[in-house]
Amino acid sequence: MLKRFADERGLTYPLLSDAGSAIIKNYGILNTGNKEGTRAYGVPYPGTFMLDRSGAVVARYFEEAYQERNTVSSILTRQGNGIGTGPAQTVRTSHVTVQAAASDGVVSPGSRFVLSLEVTPRKGMHVYAPGKHTYQTVTFVPTAQPWLKAYPLKYPASEIYHFVPLDERVEVYQEPFTLVQDLTVLATPEVQKQLAGQTTLTVAGQLEYQACDDKVCYAPTRVPISFTLDLTPLLRP
Amino acid sequence: MRRVAAVLVLGLIATTGVVRSQTPVAVDALGPQPGARVPEFSATDQSGRTHTLKSLLGPKGAMLVFSRSADW
Chain A
548 MLKRFADERG LTYPLLSDAG SAIIKNYGIL NTGNKEGTRA YGVPYPGTFM LDRSGAVVAR
608 YFEEAYQERN TVSSILTRQG NGIGTGPAQT VRTSHVTVQA AASDGVVSPG SRFVLSLEVT
668 PRKGMHVYAP GKHTYQTVTF VPTAQPWLKA YPLKYPASEI YHFVPLDERV EVYQEPFTLV
728 QDLTVLATPE VQKQLAGQTT LTVAGQLEYQ ACDDKVCYAP TRVPISFTLD LTPLLRP
Chain B
842 MRRVAAVLVL GLIATTGVVR SQTPVAVDAL GPQPGARVPE FSATDQSGRT HTLKSLLGPK
902 GAMLVFSRSA DW
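Protein chains in written order, with this note's numbering: chain A, 548 to 784; chain B, 842 to 913.
Isolated chain A (complex conformation) (with noise of 0.2 Å):
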């Protein structure tokens, strides 16, 4: 059966048959939630791990749902290799540069994949970084569709901004930095039937943020990011 599966995907490298769920009971990763006995039993929580040469972990990607995974791109890009083989588009406005970038360009109910938002404040520019301050922290807003789950937007490393005036030290981006947006197109039966016949997808967000240089204060900007994906169904053996 693993030999049709590949010969049928092209698939090249080792798929590995778990007699009995060994491996994922002695992994600590056995679904629990299947009763045994049943045709579910013994499958894994799906996830990746990713590792070095002496086999210690350097990541690791989990899903609860057997449906959902992260995508080969999606990982990659949150491993900073690359920004994905999805769109990429590249706005400017008056303090940042935004270079926006989905890992993949095609997805299926199920696929995990990430938004890449590269932002480059202008020279003497700095915007706001999560911290304990009252400026508006730049951030990132998906426009919520009842297909799409969006996870908590991940934040790089900031640096302090001492602000001589007020005496004011405040977490800021200054230099480029990259936003992370975990997104997952649901695949629950509601969704499916939902998206059936639909061959793509857009989805939309806004990056929200606030810019000072070391005199003005600039509006609270929004600038709204786009992508059209092509959707394609859950591939079925």
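No wet-lab data here; the hints were simulated from the structure.
One should not assume that every hint holds.
[Said to hold, decoys possible] List of simulated lysine-lysine pairs, DSS-like, C-alpha gap at most 30 Å:
#1 A/Lys670 - A/Lys701
#2 A/Lys550 - B/Lys901
#3 A/Lys670 - A/Lys762
#4 B/Lys901 - A/Lys582
#5 A/Lys582 - A/Lys572
#6 B/Lys901 - A/Lys701
#7 A/Lys679 - A/Lys696
#8 A/Lys550 - B/Lys895
#9 A/Lys696 - A/Lys582
#10 A/Lys572 - A/Lys550
#11 A/Lys679 - A/Lys701
#12 A/Lys550 - A/Lys582
#13 A/Lys762 - A/Lys679
#14 A/Lys572 - B/Lys895
#15 A/Lys696 - A/Lys740
Using the hints provided, position chain B relative to the given structure of chain A.
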């Protein structure tokens, strides 16, 4: 793209009925955590060849993917 050996481990089960878990599970806490070495294993691939963790690890490591069975 970084060259890594991608390996799929499939749980093959031949029984009946599908039950879906409804209770949220903290999946990130399960199994080997970052920094820890994953357990050794030995399993057979689609061509009948036997692989171990050690045999699969290349100069840049490996990508180990756990998935459900290929038959449903």
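Against the structure, test the hints numbered earlier, and report the numbers of the ones violated in rising order. 4
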